[in-house]
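Number of protein chains: 2
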Amino acid sequence: MKSEVALPQPYLLFLGDTTEPGYAKTAFGLRDWAGERCVGEYVIDGATVSTGLAPLTPEEAAARGAKALVIGVANSGGFIPPTWWPALVRAMDAGLDIVSGMHARLREIDVLRDAAQRLGRRLIDVREPPSNIPIATGKRRSGKRLLTLGTDCALGKKYTALALTRAFHSRGVDATFRATGQTGILIAGGGIPMDAVVADFAAGAAEMLSPDAAQDHWDVIEGQGSLFHPAYAGVSLALLHGSQPDVIVVCHEPGRERVLGHPGYALPSIQDTIDLALRLGSRTNPDIRCAGVSLNTARLDDAAAQRVIAHESQRLGLPVADPVRGGETFDALVDACLS
Amino acid sequence: MKSEVALPQPYLLFLGDTTEPGYAKTAFGLRDWAGERCVGEYVIDGATVSTGLAPLTPEEAAARGAKALVIGVANSGGFIPPTWWPALVRAMDAGLDIVSGMHARLREIDVLRDAAQRLGRRLIDVREPPSNIPIATGKRRSGKRLLTLGTDCALGKKYTALALTRAFHSRGVDATFRATGQTGILIAGGGIPMDAVVADFAAGAAEMLSPDAAQDHWDVIEGQGSLFHPAYAGVSLALLHGSQPDVIVVCHEPGRERVLGHPGYALPSIQDTIDLALRLGSRTNPDIRCAGVSLNTARLDDAAAQRVIAHESQRLGLPVADPVRGGETFDALVDACLS
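From first to last, the protein sequence lines are chains R and E. Note that the first sequence ends on residue 339 in UniProt numbering; no numbers are left out. Note that the second sequence ends on residue 339 in UniProt numbering; no numbers are left out.
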């Protein structure tokens, strides 16, 4: 199944036997950004993590209208452990399709494939890119585009894009969140998993993801990786070139000093990230500009966060905000994006 | 079959019914760089292109020791036309495996798959990357590395890497040509087709391609694309980051002003290409330096070529040479690489 096809909704969120909240990022993201399309959560013995949504069995979820069970947790190996299989089969028995954003493919597990076939359910892997991605043309497209970029992975690029999309909507601006990773695709109900696209087609995938649109329409595109990342910079550059953003917003976590998982690599500065992104991005959109910076201040208390935001805004001469905290600084960032 | 596995050699070069020399690039490359491992060429009715090697039937080639027929031509669609199928089956009948670097997969053609199975021959697609590519670590590796980079595609990056490897050998330097495209892989008898690697693993593929080596050993790595290419810059950046080159050589064709196939894009200057490559490459190897420039002067007569080479060398303050023409300027470029 191709990820650009609409996913079956609403969802039942599956949390497995997870005890590590960090592994349930997908479930939390769905609760926060697609809560109206989540009927509840489903856990198996041993789980200590909860989204706070109603605990439901697959049968109860189906009775409340759920169309699919979404695997809302990851583990470090990206695989689907045998302890989860009976729960997934039970969900199919109850009438639900299974949706996964994990690296492991659902249909490669015999017991799931057999159950799906027997019951007529779908096994949907959102990490599978569309099969018809073209080579990028580099041709300018109509409509406006915004791309979130990071100083690193996993510090708020998806969240920032979602928050900006929501803020655009609240101002009456026609905007579409464009997902490039599995959680974003589950939230949006479509998108392209950039990390799974063959390298030669990565920029083409980004072009496909945000097609020609009305002049006043905004595509708000979820960034991936970082232009300074020793493993993923190529993906980030392809996404930047193919997205042709008019506006970038750079995302950063104050206090993070090393690249996640690559302790030999210092994090680039915000200013270096802006400079490099504008230099590289101007290749496919000479009008590219940086509207401001999104800070992930989750580890700071409110006073410390406001101090960092004010200090960085002064230092960089740009709007700076934490979209989670919102407020006037975030309004100013939204203004700068749309100005 | 994985492309890191040694290919069966020597080869019989298959030219099909080709009338366009530009489509026989692979065959010419094999003749020039692996001539001692090519027993001859094989054409079918209608062909007007020849490599100048001995015309042989598959049976004659097998009698002279050939182990595989290599498809040495491409066509614009990258497919294997039905007019070629009887010749390929005949080669298998004569005892040869079939090796292809085309986009289309040999085993997806029923008549070839059936013949291979019946006769116990192998169908080898060198565009298939290894299945065990890791995520890049960014860790420095032992040994020396040189990467060729271009202002565009198709202007001599592979040729330059091959010529430098040959020159290194002639000076007694231990060096290995590392292939990143199908023709290079056929020549080297191994390598990784960078364009077919999934984007998240592209830098990891480059790390895998040039592993830890002796301190005085040089890997001479074939570049791909261009950091300024609207479709392929991501691949180029991943290859740059993963290769961690100590030395880069920038390749350019004087007179080319627009990106091939993307007439809306001006070619970057040599200086901009050097600057960007050093800036981006220093992320994974702070010691990176540019040894000089390789010019493809095939369209110029000798006097004009020497003038351009001298002018560019003076202007850039770097060794500049055309490896095809060789001579003192090329010797100076080789000196600068090894210095």
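The set of hints was computed from the structure by calculation and includes no laboratory data. Mixed in with the good hints there might be a few duds.
[What the hints assert, rightly or not] With beta-carbon atoms standing in for the labels, derived distance ranges: (1) E/Asn132 <-> R/Asp272: 31 to 37 Å; (2) E/Asn132 <-> R/Pro134: 27 to 33 Å; (3) E/Asp114 <-> R/Asp17: 44 to 50 Å.
For glycine and all other residues, C-beta sits at the position ideal for the given N, C-alpha and C.
Outcome of the hint check:
Judged by the Cβ atoms, the range 31 to 37 Å given for E/Asn132 and R/Asp272 holds: they are separated by roughly 34 Å. The hint said 27 to 33 Å for the Cβ distance between E/Asn132 and R/Pro134, and at roughly 29 Å that hint holds. Checked against the given bound of 44 to 50 Å, the beta carbons of E/Asp114 and R/Asp17, roughly 48 Å apart, stay inside it.
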